[in-house]
Amino acid sequence: MSVTSLDKDFDNLTLTLIADFAAPAERVWQLWADPRQLERWWGPPTYPATVKEHDLTPGGDVTYYMTSPEGETHHGWWRITSANPPKSLEFSDGFADQDGNPLAEMPVNTMQLQLTEHDGGTRMELRSVYDSKEQMDQLLSMGMDEGLQLAVGQIDAILADDGL
Amino acid sequence: MVVDGVTDEAVDQLFHALADTTRRDIVRRCGRGEASVSRLAEAYPMSFAAVQKHVAVLERAGLITKERRGREQLVRTDPEAVERAHQALDQLATTWRGRVDRMSELLAQDQPSQDNVSTRRQDP
Chain A
1 MSVTSLDKDF DNLTLTLIAD FAAPAERVWQ LWADPRQLER WWGPPTYPAT VKEHDLTPGG
61 DVTYYMTSPE GETHHGWWRI TSANPPKSLE FSDGFADQDG NPLAEMPVNT MQLQLTEHDG
121 GTRMELRSVY DSKEQMDQLL SMGMDEGLQL AVGQIDAILA DDGL
Chain B
1 MVVDGVTDEA VDQLFHALAD TTRRDIVRRC GRGEASVSRL AEAYPMSFAA VQKHVAVLER
61 AGLITKERRG REQLVRTDPE AVERAHQALD QLATTWRGRV DRMSELLAQD QPSQDNVSTR
121 RQDP
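Just so you know, the protein sequences line up as chains A and B, in that order.
Residues in the first sequence are numbered consecutively from 1, following the numbering used here.
Residues in the second sequence are numbered consecutively from 1, following the numbering used here.
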């Protein structure tokens with residue numbers, strides 16, 4: 001594990017994660033900037049990601065989909081708001097329909113990435129911010145990836161309790 | 001979305017329940033205290049029957065509970081469901097832990113002969 005710290009700010013709906021890697025910033029940046037490498041870590045092995053468009057310049061888009069074990073695809077998009085390789089990246093991250101068109105009603109996450117030299121390696125700081133609690137409520141119904149399996153399991157249990 | 005061990009139907013039900021603006025609003029309103037179905041019906045430009053239908057969808061999805069008191073039907077948001085909203089950040093954290101692990105593995109593959117992943121800063 002290379003996660004150094006993880007802070008959850010419930011009032012501001014913000015997750016701040018710090019991870020340290022024993023690799024230069026240019027190398028860590030490649031994990032984001034090379035779509036083939038991004039595919040290898042964005043989705044869990046059970047939900048691998050396939051990146052279609054990939055343009056990490058301001059105003060550029062990244063479009064991708066994740067494939068479920070049953071072969072269903074779930075689409076997502078990034079819209080790059082700022083990029084300063086290999087130091088920082090900021091983008092919005094949202095859901096898309098099966099054709100890859102952004103779904104306006106679905107939650108959008110603002111992501112800020114910073115890479116700094118630290119202890120001979122690279123420190124990655126990532127902030128993920130939701131715009132509203134409603135968005136987070138909505139997210140619960142989505143089961144976007146492995147992180148949400150727990151919630152979906154609990155919802156399932158509640159539904160089962162209701163005798164459905 | 002299909003997740004291991006969860007039926008399509010259960011997820012569909014929740015997805016469907018939250019996919020409607022009025023229903024999301026009902027969940028919010030009843031999270032601030034219980035409300036009667038007739039009071040809710042006054043708040044929306046739709047018939048009592050239409051609001052009752054929305055309430056039924058939310059009830060089936062486990063997001064609200066309904067209780068009859070006298071002549072009124074009182075609707076309350078399930079506190080557990082609200083608690084789950086807070087858990088969204090926990091789940092996002094889990095997602096990112098997984099991602100960082102996979103990033104570390106990828107970096108480690110660059111130079112298989114040496115440990116490329118920091119071991120000095122292990123997570124407790």
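Please note that the accuracy of each hint is not assured.
[What the hints assert, rightly or not] In silico negatives: residues of chain B with every beta carbon more than 12 Å from chain A:
#, residue
1, G33
2, D101
3, R102
[Said to hold, decoys possible] In silico SDA-like pairs for lysine to any residue, Cα to Cα no more than 25 Å straight-line:
#, chain 1, residue 1, chain 2, residue 2
4, A, K87, B, A50
5, A, K87, B, W96
6, A, K87, A, T46
7, A, K8, B, Q109
[Said to hold, decoys possible] If you want a taste of the chain A side facing chain B, the calculated C-beta under 8 Å gives, among others:
#, residue
8, S2
9, R27
10, L31
11, A33
12, W42
13, P44
14, R79
15, I80
16, S92
17, F95
18, M111
19, L113
20, V129
Think of the hints as simulated: they come from the structure by calculation, not from any bench.
Since the structure is predicted, the reported quantities are computational estimates derived from the model, not experimental observations.
Ideal Cβ positions, reconstructed from N, Cα and C, are used throughout, including at glycine.
Cross-check of the supplied hints:
| no. | hint | result |
| --- | --- | --- |
| 1 | G33 | holds (17 Å) |
| 2 | D101 | violated (7 Å) |
| 3 | R102 | violated (4 Å) |
| 4 | A:K87 <-> B:A50 | violated (53 Å) |
| 5 | A:K87 <-> B:W96 | holds (19 Å) |
| 6 | A:K87 <-> A:T46 | violated (30 Å) |
| 7 | A:K8 <-> B:Q109 | violated (31 Å) |
| 8 | S2 | holds (5 Å) |
| 9 | R27 | holds (7 Å) |
| 10 | L31 | holds (5 Å) |
| 11 | A33 | violated (13 Å) |
| 12 | W42 | holds (7 Å) |
| 13 | P44 | holds (6 Å) |
| 14 | R79 | violated (19 Å) |
| 15 | I80 | violated (18 Å) |
| 16 | S92 | violated (15 Å) |
| 17 | F95 | violated (10 Å) |
| 18 | M111 | violated (10 Å) |
| 19 | L113 | violated (11 Å) |
| 20 | V129 | violated (10 Å) |
Against the hints set out earlier in the document, violations occur for numbers 2, 3, 4, 6, 7, 11, 14, 15, 16, 17, 18, 19 and 20.
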